[in-house]
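Trainee: These are the residues of each chain, in order.
2 protein chains.
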Amino acid sequence: MTARISGLILAWFITFAVAVPARALDIDVSEFKLENGLHVIVVPDHRAPIVTHMVWYKVGAADEPKGKAGIAHFLEHLMFKGTAKYPGGAFSHLVRINGGSENAFTTQDYTVYHQRITKERLDLVMELESDRMQNLILTDANVLPELLVVLEERRERIDNNPSSLLGEQITAAMYTAHPYGKPIIGWMSEVLKLTRQDAVDFYRAHYEPANAILLVTGDVTATEVKALATKHYGGLKNLAAPKPRERTAEPQPIAERRVILKDQRVASPFWQRSYLAPAEAKAEGRDALALQVFADIIGSGPRSRLYRKLVIEQKIASQVGTWYSGDGLDYGSFGFYASPNQDVDVAAVEEAIDAVIVEVLKNGVTQDELEMTRNRVIAETVYLLDNQEALARTIGAAIATGQSVKDVLEWDRNIARVTVQDVAKAAQAVLEEENSVTGLLLPAGNARGGADLQPAALDGVQN
Amino acid sequence: MTARISGLILAWFITFAVAVPARALDIDVSEFKLENGLHVIVVPDHRAPIVTHMVWYKVGAADEPKGKAGIAHFLEHLMFKGTAKYPGGAFSHLVRINGGSENAFTTQDYTVYHQRITKERLDLVMELESDRMQNLILTDANVLPELLVVLEERRERIDNNPSSLLGEQITAAMYTAHPYGKPIIGWMSEVLKLTRQDAVDFYRAHYEPANAILLVTGDVTATEVKALATKHYGGLKNLAAPKPRERTAEPQPIAERRVILKDQRVASPFWQRSYLAPAEAKAEGRDALALQVFADIIGSGPRSRLYRKLVIEQKIASQVGTWYSGDGLDYGSFGFYASPNQDVDVAAVEEAIDAVIVEVLKNGVTQDELEMTRNRVIAETVYLLDNQEALARTIGAAIATGQSVKDVLEWDRNIARVTVQDVAKAAQAVLEEENSVTGLLLPAGNARGGADLQPAALDGVQN
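Heads up: the protein sequence lines correspond to chains A and B, in order.
Using our numbering, you'd call the opening residue of the first sequence number 1 and step up by one each time.
Using our numbering, you'd call the opening residue of the second sequence number 1 and step up by one each time.
Okay, chain A solo, but in the shape it has when bound (with noise of 0.2 Å):
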């Protein structure tokens, strides 16, 4: 559907949002499995009589069949297409009429259908959702049109935008082996080629209740969800056998990369740098705090150092930041962007963050850095709990790559425990060069007006 907001674009959002999982003081989350092995979380927030209603399938664009690139994001959309109970267009409109809002979206890790609606609906949306695990209904005629809406999505929202295309870039030269390299929307010469059965072969493989986990959030208990779980998903078979995910290990990277992509959309340049980094689920010891707390102190806002080195002292680039982005399944990538100033030449601001890398590398962060970013990410932490989705998308993202809920209820309590030695360490680990692909987006000749720059919108293309 072209109204959802696609998971290509979400993908960027949670890359954030993963630093901010619940504290362990406010949130009474509970967890258990259903007989078929649906994994049930809940996460109680009674501020307002509303529900968040998400169902993750544990399979994304990353466990895609070879030849079917971009299957897990056709089957999103089908989805909505209907089963015998609620054809057509039933389902959506079922929510709409009942006040809630829905969508969907597609990583390469899992796929995602939720519903936001008060809480008195919380059976409907579950009796939709769970309908449409096991019936949903496709045919050459409502499967084939959809292959043009995912085809227009492209154009819109990768082709039409020079930082998603050198994002993708940055991305494919990253991954020589694993999935995570191809765009999870797909490469078009395959996605053109995808057939109804193809969509089903895939439903019918992953779509399951073992396969999957129901997240709710909002003004319910956890007695609650399980008397309406069990009504609406309880009865529901596991049709196909349990299948490893089959994910290529990335061999150890030993070149440095760059990419250098030219357009005519770009006024002035952008500068953008990822390193192979660990996954929050993988990561060694407290690796993956560090790094978010390293990105925090060396990038993050107008106190970080990268900012007042470049931005104020230097005053040769108009923003630069960092990011760590850990949620994949597999891997990670540790982030560098920046705009120069009018007039400064690309390089000189890569050499000036350079400067700044090598020298955090070899002293290190201070404690006084190590104590304020602490504070920020906590009290930032306080502010995000309040957005119930974004809670949601949290929890279910770790449940979703292997971590368990206590890993996430236990954030705060863990990120306070991060050492300076913590913090050189993982970042020396991360940080060497043949780690790296370093993406450079220049005007090309006949140069037309700038396209809006979103910083590393695609690197979390992987997430």
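Each hint should be verified, as a subset may be incorrect.
All copies of an identical chain are treated as equivalent in the list; a pair is satisfied when it fits inside any one copy or across any two copies.
[Unchecked claim] Computed cross-link-like contacts, DSS-like style, restricted to lysine-lysine with a CA-CA straight-line distance of at most 30 Å: (1) LYS243 x LYS282; (2) LYS33 x LYS193; (3) LYS243 x LYS66; (4) LYS237 x LYS85; (5) LYS362 x LYS309; (6) LYS315 x LYS226; (7) LYS237 x LYS119; (8) LYS119 x LYS406; (9) LYS406 x LYS85; (10) LYS33 x LYS66; (11) LYS425 x LYS66; (12) LYS262 x LYS406; (13) LYS406 x LYS231; (14) LYS66 x LYS193; (15) LYS406 x LYS425; (16) LYS262 x LYS315; (17) LYS193 x LYS243.
Calculated directly from the structure, the hints in this document are not laboratory data.
Here the structure of chain A is known, so what remains is to put chain B in place on it, guided by the hints.
Mentor: Frame of chain A, contents of chain B only:
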């Protein structure tokens, strides 16, 4: 078998051999099919009582299933493990005691087994080769230890050779979607998980007469070959359904890429650039021939433009050269390489090469250069026709990638038709910076003597 020369190295040879097809007037090639679909090609060469017997299976590394990287090459190794009739090393033993030599190689597009032996023994090698087309016996005991042989092969041929590593990185950066970006030998994380069943499945799916080419060169007639081929191969059945090759189209390149590899074993820098180019079999009009001519004019030998400019005039490089590799099924590459003289910055060499490229793209090549090149290429053909094995490979590679015997036989006539306009058009289409990956091999700290650099050694990995 460790004693056999690997396809990874032979591919490099083929890169150059493909420029040297048969000349129409000298060779009376016969071509026919057996009833089971086996495509037979006979190339008489009566100068010595020797034959070269080759079986080309139209399957290679680019046809491997997801998660089974390296299975094509691994199966090539396993084809020497024996059958019920000729168990263990009987095949190789029989060839050897009959005075023959044998080998095999795997490319992205085909897998080839070949023997060179006295003409009286053609009967014997056909008996052996047809037997293992369908009767190979694989057991865990003979399969699993061979994985360590592949691992060692990778170490020897790639990991121990910095320029091979550079070539692998360039190829990985060149292809974002098409399987040519995957090394023929496979990703080690997948290779080490390959099983007996994987090998059996790949063998059953692809090794059969309708998917093979039998090529016999040497002191035989078509009539003799037909009789022997019918005797040995005629009774074989096609057991698997024919499968179309599943190859993702590479998206139109949009960004120049660079790969910088620093290695302690490198004493002095090496520079290389590959452009994505059309394959001969898929090039339009005379584009592939024109690229061959262009490669010769701009960078082959001491009278080429690059050599004169960089080595003789400017004295900044000790070697400089080009290649066009077009014998893949889907894509080829056009490449440049150079070794800077001592104390010359590699960037200066790149700049000088770029200046030559810009000049030739602007002003084209001359009629004189064109004629010198044509004459040299045709003269070299005569010399190389002496090499029965190279000739067989050239014809086999052409047929296996969809060209006809006629294309091969009329090569010298076709190359004589190439005009300066053809060269300009083909070169301009390929030498766009967004089609390119530039690789730098630089000494890392602690240099301890230089490894021998084989220019572009692995760029031909896709052949």
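Trainee: Each hint: holds or not?
Mentor: Here is what the structure says about each hint:
no.: 1; hint: LYS243 x LYS282; result: within (20 Å within a copy, 39 Å between copies)
no.: 2; hint: LYS33 x LYS193; result: neither (38 Å within a copy, 33 Å between copies)
no.: 3; hint: LYS243 x LYS66; result: both (16 Å within a copy, 14 Å between copies)
no.: 4; hint: LYS237 x LYS85; result: within (18 Å within a copy, 50 Å between copies)
no.: 5; hint: LYS362 x LYS309; result: within (17 Å within a copy, 44 Å between copies)
no.: 6; hint: LYS315 x LYS226; result: neither (57 Å within a copy, 79 Å between copies)
no.: 7; hint: LYS237 x LYS119; result: within (27 Å within a copy, 66 Å between copies)
no.: 8; hint: LYS119 x LYS406; result: within (26 Å within a copy, 75 Å between copies)
no.: 9; hint: LYS406 x LYS85; result: neither (39 Å within a copy, 62 Å between copies)
no.: 10; hint: LYS33 x LYS66; result: neither (32 Å within a copy, 32 Å between copies)
no.: 11; hint: LYS425 x LYS66; result: neither (38 Å within a copy, 36 Å between copies)
no.: 12; hint: LYS262 x LYS406; result: neither (46 Å within a copy, 43 Å between copies)
no.: 13; hint: LYS406 x LYS231; result: within (27 Å within a copy, 71 Å between copies)
no.: 14; hint: LYS66 x LYS193; result: both (13 Å within a copy, 18 Å between copies)
no.: 15; hint: LYS406 x LYS425; result: within (25 Å within a copy, 63 Å between copies)
no.: 16; hint: LYS262 x LYS315; result: within (25 Å within a copy, 33 Å between copies)
no.: 17; hint: LYS193 x LYS243; result: both (25 Å within a copy, 16 Å between copies)
The structure shown violates the earlier hints numbered 2, 6, 9, 10, 11 and 12.
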